[in-house]
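Colleague: Protein chains in written order, with the working numbering: chain A, 1 to 152; chain B, 1 to 185.
Since the hints were made in silico from the structure, they are not lab data. Wrong hints could be hidden among the right ones.
Label-pair restraints from in silico Cβ distances [to be verified]:
hint, chain 1, residue 1, chain 2, residue 2, range
1, B, I116, A, I78, 33 to 39 Å
2, A, Y25, B, V97, 44 to 50 Å
3, B, I94, A, E107, 51 to 57 Å
4, A, V81, B, F99, 40 to 46 Å
5, A, S5, B, P50, 32 to 38 Å
Covered stretches of chain A (in silico footprint by chain B; criterion: 3 or more residues with CB under 8 Å from a CB of chain B, positions within the stretch not fixed) [unchecked claim]:
hint, stretch
6, 28-36
7, 80-88
8, 98-108
9, 123-137
A quick note: this is a predicted structure, and the numbers were derived from the prediction, not measured. Here a beta-carbon is modelled for each residue, glycine too, at the ideal position from N, C-alpha and C.
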Amino acid sequence: MKGMSLIVKTIGSWVKMLIFVFGVYIVLFGHLTPGGGFAGGVILASSYILLMLAFGKEQAQKNLPLSLVSRLDCLGAILFVFIAVIGLAFGGAFFVNFLHRQYWPGEPFALISAGIIPLSNIVIGLKVGASLFMVVFILSIFRPESPGDKKE
Amino acid sequence: MGMSIFYILLLFIVIAALIAVETKDLLSSVICVGAIGFGGSLMFLFLRAPDIAITQIVVEVLGLIILIRATISRDLTFITGDREFFGMVVSIVILFVIFLVGLKVFETLPDFGTSIFSIAPDAPSRTYIKDGLSGTGAANLVSAVILDFRAYDTLGEASVLFTSIIGATVILRKKSRKLLEETDE
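Start from the sequences, fold in the hints, and give me the full structure.
Modeller: Structure follows, in structure tokens:
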């Protein structure tokens, strides 16, 4: 698994940043335009999957170690619950949009508006991206011992 | 235009699904599964649901990558053997039951293109549409529903994803398998 040809590597090194920025855009503008945390997180994961497919597993591991991905996954999950519990503490109910209702209403159609919805989008994007990258990485490491596998 | 685009896409999806089931080559079967997802994504787009279309096509691409990585460069690219008689009978019976239930369910649905309010005037989604912008401040109503009105669903979805990733990590990692073998010996 030393990656693909030079053409794929060159194109991939240009395109991966564009995909990453597009994923960040989809996550950040999830409360204004179509998209949201889940779709943006999958796009973020696919930018690193492109890196992994084009440059090989070692390069991807160097850029984004598996322990860091696992930590990001857990961080996203716990922050999502944390946002919900803050709603319980400040707004009086689990998952209530306290930021919009009481503290910071914001203008509709502005980037900073809608209270906890953009925060939840960011957290879910982090969580989904990390976990989907992790599952693809683990599946690509895993090789069942089939009788025809003579390369390794 | 109008309805015809949906019939064309539906025909495309049905043909791709039949090829995916019937072909003997595993790689072309996986590609046909991708074609099904692509047709579904186009359908969502023409039904004016761009949120679901984006999610569908992105997840479809990722799933296709995983399936191709799992099937290609293995020795098992060709399916051999016939189907069992008992399994076929069971699946035909289940399909028939689902068909009968589906007939009953589709009788209660409104006509294609008319809103659900024509048969259920006080559906909760009317509240979402009316109070979505003022209650949550989110311009994207889908975000408002999944992260504010129905945030519990999203919490459940996130925990399902988390649990499945933990399961995949535990089953598929290499180190613990080696450790287990060493402790066994």
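Colleague: Are the hints correct? Go through all of them and say.
Modeller: Going down the list of hints, with the structure as the test:
1. At roughly 37 Å, the beta carbons of I116 of chain B and I78 of chain A sit within the given window of 33 to 39 Å.
2. The beta-carbon spacing between Y25 of chain A and V97 of chain B, approximately 46 Å, falls within the hinted interval of 44 to 50 Å.
3. Distance hint for I94 of chain B and E107 of chain A: a CB-CB separation of about 53 Å, consistent with the stated range 51 to 57 Å.
4. Hint check: V81 of chain A to F99 of chain B, Cβ distance near 42 Å, so the stated range 40 to 46 Å holds.
5. A hinted range of 32 to 38 Å for the beta carbons of S5 of chain A and P50 of chain B is consistent with their spacing of about 35 Å.
6. Counting residues of the stretch 28-36 of chain A whose beta carbon lies closer than 8 Å to any beta carbon of chain B gives 7, which reaches the threshold of three, so the coverage claim holds.
7. With 3 residues bearing a CB less than 8 Å from a CB of chain B, the stretch 80-88 of chain A meets the requirement of three and the coverage assertion stands.
8. Beta-carbon proximity to chain B at under 8 Å applies to 4 residues in the stretch 98-108 of chain A; the threshold of 3 is reached and the given coverage holds.
9. Residues of the stretch 123-137 of chain A with a Cβ under 8 Å from some Cβ of chain B number 8, which satisfies the need for three, so the listed coverage holds.
Comparing the model with each numbered hint stated earlier shows that all of them hold.
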